[in-house]
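Given chain Z's structure and the hints, the job is docking chain P onto it.
Protein chains in written order, with my numbering: chain Z, 42 to 154; chain P, -18 to 220.
Don't take each hint at face value.
Stated by the list, open to error - Here are the computed distance ranges between Cβ atoms for each label pair: (1) P:K179 <-> Z:T127: 18 to 28 Å; (2) P:S182 <-> Z:A148: 42 to 52 Å; (3) P:I197 <-> Z:G82: 25 to 35 Å; (4) P:S181 <-> Z:A151: 46 to 56 Å.
Derived by calculation from the structure, the hints in this document are not laboratory data. We put the beta carbon where it would ideally sit given N, CA and C, even for glycine.
Next come the chains, spelled out residue by residue.
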Amino acid sequence: MPKEKNDTDIIRLSAIEEDILTGMGSQELYGLEILDHLNIGRSFELSFGSLYPALNRLDKKGFIKWRWGDIQDGSGGARRKYYKVTRLGSTVLSDVQSYRMALQARALGAIYQ
Amino acid sequence: MSNILREEEDLRPIHFVVPIAAIFILLVGIFSIIYTILDCYTDAPGFEKDFANLFVSLFISLLSFPTFLLLVNLPFILTKIVESIGSLLFLISSLVSSVLFAFSSALNKSFFAVLSLVLSLFSTSYLSLNKLIKTAQIAGLNLSFFLSRTIIPMMNFLKKKAVFGRKSIHLIVLLKLFFPDEIVAEMKALHEKLSLEKKSSWYIRTKLFYEFITLIWALNVQIKIDNLHLPSKQRNVDD
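This is chain Z alone, in the form it adopts within the complex:
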């Protein structure tokens, strides 16, 4: 019997996925630009090997969309993919961030009580 898909599996955001959505904001960026945004001030550098699986997951969940860019000079006719956060992606991100802020507020409240 096939296992039914659980919606919570789909809307769950890992740390790196959350970082990507936050770092992209409303901009349309390609992979290296996303990495540059994420790696500033980061304790350990992210690589393409970490980025692409995360982008694939976000794409499959419908949190980002992409389009092909123009052919790049010197890349043998290869084209970049430009990624952008979807409305669903930004909604889920703001939900997760609101939850974290509420969590932080509760934690601070507990400390000062």
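Just chain P now, kept in the frame of chain Z:
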């Protein structure tokens, strides 16, 4: 445009070669299986063991890549394709190597096997990547159905190679063998960025090698495993 049309017209007469080669390989395969079964499970007269082995070996050797290339390119050899001594040597040695391999297995003669191996090594190593691409380019339309992700993109790229330096060509050809377009573009961008930042060549090479290895793992293993539990997405390429 007119050049492209002319090339396609020139290649049209050999479209029948691949189906014929495929049917030939299939027939030899079927016969080899029949003979092997008869040889193993019956005492039928006339089915000599060596004869059955010969068919099996011939079938295996026909599946080898150089032999397939040879079959695809055979009409060119017979007509106008013998451009250089190099490609001719490659094609002849592939054929001889395959036949020797078949005989060596069938007759249990190690001398033939060694000779076959030497010739095979010679034929495959002699042909550098550029030669291989040239051979594939000649039979581009025939090979496109199974080489669309490797040789054909490289060929398209090499047509534009006059613009770029020789080292970049080798790097990008290598990347195109393993990765999709967007990754090649990203790696090229990373290479340019690191060069602009005046990083040492050793650092750049190490970084690119690290990215190469992690991407191989990510694209071929991690993403495929992730996709097992992710919803599939129906979309067009340029949505």
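Hint by hint, here is what the structure shows:
In this structure the supplied range 18 to 28 Å is violated for K179 of chain P paired with T127 of chain Z, their Cβ-Cβ distance being about 38 Å. Distance hint for S182 of chain P and A148 of chain Z: a CB-CB separation of about 49 Å, consistent with the stated range 42 to 52 Å. Between I197 of chain P and G82 of chain Z, the C-beta spacing of about 29 Å keeps the proposed range 25 to 35 Å intact. Taking the beta carbon of each, S181 of chain P and A151 of chain Z are about 51 Å apart, inside 46 to 56 Å as hinted.
In this structure, the one hint that does not hold is number 1.
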